[in-house]
Amino acid sequence: MRDVRGLDRTTAVSTAAVLLLGAALGLIFFYVPTDADQGFSQRIFYFHVPIALTSYVCFGWGAWKALRVLRTGDERADLESYVSIHLGVVFGALTLLTGSIWARASWGVWWTWSEDQLVLFLVLFLFYCAYFMLRFSVAPGRSRSNMSAVYALFGVVLIPVSFLAIRLSKEFIHPVVFTSHGPQMAASQFATFCVAWAALLLLYATLYRVELAGKRVDASLRELRELLT
Amino acid sequence: MTTPPKAPPSEWQYVAAAYGVVFVFVLAWVAIIGAKLQRLQRQLGELVHQARDRG
Amino acid sequence: MTYAADVVALARKDLLLELRAKETLPAMLLFVVSSLAIFHFALPAGTSHDAALGLLWVALVFTALLGLTRAFVPEREQGLFDALVLAPCDRSAIWLGKAIAVLAFLVAAEIVALPAFAAFFSGIDGRTVVAVALADVGICTVGTLLGAMAVAGQARELLLPLLFLPLAIPIVVGGVGASAGAGSRYLLFLLLYDAVFSLLAWASFEYVVAEQ
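Chains as they are written, first to last, in this note's numbering: chain A, 6 to 234; chain B, 1496 to 1550; chain C, 658 to 869.
Hints listed in this document are in silico derivations from the structure and should not be mistaken for laboratory results.
Treat the hints loosely; a few may be bogus.
[As the list claims (entries may be wrong)] Simulated coverage check for chain C against chain A, where a stretch passes if three residues somewhere in it have a Cβ under 8 Å from a Cβ of chain A:
id, stretch
1, 808 to 814
2, 823 to 833
3, 846 to 859
Backbone N, C-alpha and C define an ideal beta-carbon position, used for all residues, glycine too.
Build the full structure now, drawing on both the sequences and the hints.
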């Protein structure tokens, strides 16, 4: 009974994701006016930044589940933490790719160290790739889930610390003073951005649920085989 | 006669590339899950076979 | 009170072992001096003082990595880990004792490395020394925790640099910023890093070594 309801929820989430993704693409390409300053390529922003924010959500959710692993020793939470971080790394790679394309379109270079978000994602990408190395080199069990959880917690602490470091490092890499004034967005731009972010969050939720279900079925099958032989 | 310099790709091509990357990722993910589903299906079939043989 | 006594005893044990075996410290010393020699040839003639300072930080981080890789190897090889974990002391004392021992090795290596750098390249100011001291604390506390994780893996020597280097990026930013003379805010940043990550490592170490 529980599984059936779980499937229903997955169906609902994925349907909402498809609808909102369609709506977001429609808004981005047919509704929102072309940005006066940055031109057509500014449209990358409506996917690039929500993907980056969703990636933080993935890491945050993974760390929250990691905290549960440490407090209760729950094996399910370990798997959930792993799947969430895995998706976070995929979204992070997408952030790097779309950001790189955007940099090429607006500044003519594939990579720039002066863009905080890009550099931060490089650091996080390296950090969380090491998370996988750790996970794959330790035998499964209680000790592995504890170590992964501790490393995941280090990750969410590293995010603000690295951000601060990157902000500071600009001073001696680029002598230009970087003032942080928030992006001035028109209402239509902001609305489009919000819809796109909601769509990507739902995409994350869908991928998370499906991947988790797949991993759980895999584990149950393995258990079943051991019972039968 | 020198060949004219290649024009830089226009902006919309970059935008298309960025959205294309995301699309290709989702497609790749579907392919991976599809392959996994197929493997699970095969394994489950084997298990059903085994269970049936046992009586 | 007993916590401090445990920590001191554990750190003393590591230092005494090293005095007897003389494995880690000579390797670190040789490594740091030879990497400084390599940097001399890697840098084109007439490069700025700042470029050399940046490489000093690279040398220090990698030297620390060398010491950290060795930190938990004796316990692993002789199967002492389980005994240590079962010992009637707070598990975080194991971490603190080990971190202090590694810190001692690193400081010893730097006592040689910093004058060598000053002689090979250019002088260093007091701010750099303070930054190095602050960075050492961060490197050793975080590195010891990650070292305990890495020895549990199959490819232990390979794993530690991968785990550690992304976490060392903020340290390098703070250190290079401080020694390039860009103000005391980098020193404050290093202090913040030390405080945050030491606390986190102290709180989480018991989970890393629990029931191997």
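Any hints this thing doesn't respect? Which numbers, in order? none
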